[in-house]
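Student: Sequence:
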Amino acid sequence: QVLNLSETPLCVLNSFDILHFSNFYFGKDTWKLLFVRHPKKILTVHGWVCKETFYMLKHAKPNLKTTTGALVGLAFWNVAVLLFDALTCPSRRTADENGLRNAKIIRNGIFLEDYSHISPTNVRLDQNQVIFTTYSSFGGLKDLTITRVLRVVERLNQLAEGQRVILLVFGALSRTSNTKWIRFMGYSEDFLSFLGGSDLFIMGYNFPELGYVMLESAALGIPVAKFADKNNVD
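Taking the working numbering as reference, the numbering of the sequence shown is continuous, increasing by one, and the terminal residue is 234.
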């Protein structure tokens, strides 16, 4: 059962055996975690909390509200681990980056049958268009990864003869102005349909672990490309 911490009474939270959280930004309702006695509390950390937050504060030109929220989040992060009975991460690298020495490593995984009903959405205006899809998760480093992908698409369109690459950008975005070849889609319930109708899913990072969207792409039969460097050839 999916719950919203802010909307769920404390008595209801205490009625469960296990509470699993995948986001440590709880805001003003964090106090509830102190009074959850019966269920075991598990926190899964996906991103690089401190590194992503510092990058966002340095490069994304956040406003006062965003800056305050980021600083509060960093302060809470120093005590967050004390509120949970167990911590998990999808990779050892993520655990190390967050200083979570005792975190259990549980790799990302999906169930293939959940994707058998997805109907692809084709956005091609003509047969000469090639559709790339990318996704930007929450975190300060998203601007860096998306910038890499944008440069690749712009370069491909400069070199292409007879074909053009259309890039669909989904997720948490600081840029929203579309160009001739790039469409910022934001969050969409139809993301998987657009992904299923694309020719390639491209990621802007070079981390070795497989994220959920990469697994979903594979389940839909969509090729995946991501960056590599001399120290990390994927």
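You may find that some hints are simply not true.
Stated by the list, open to error - Taking lysine-lysine pairs in the DSS-like style, the calculated list, with each CA pair at most 27 Å apart, reads: (1) Lys40 with Lys65; (2) Lys65 with Lys32; (3) Lys41 with Lys51; (4) Lys104 with Lys40; (5) Lys104 with Lys180; (6) Lys65 with Lys51; (7) Lys104 with Lys58; (8) Lys180 with Lys226; (9) Lys28 with Lys41; (10) Lys180 with Lys28; (11) Lys28 with Lys40; (12) Lys58 with Lys28; (13) Lys180 with Lys51; (14) Lys65 with Lys104; (15) Lys32 with Lys104.
The hints are simulated quantities; they were obtained by calculation from the structure and are not laboratory data.
On a predicted model such as this, the values are computed, not experimentally measured, just so you know.
Student: Which of the numbered hints above does this structure break?
Tutor: Going through the list in order, the structure violates hints 1, 5, 7, 10, 13 and 14 and respects the others.
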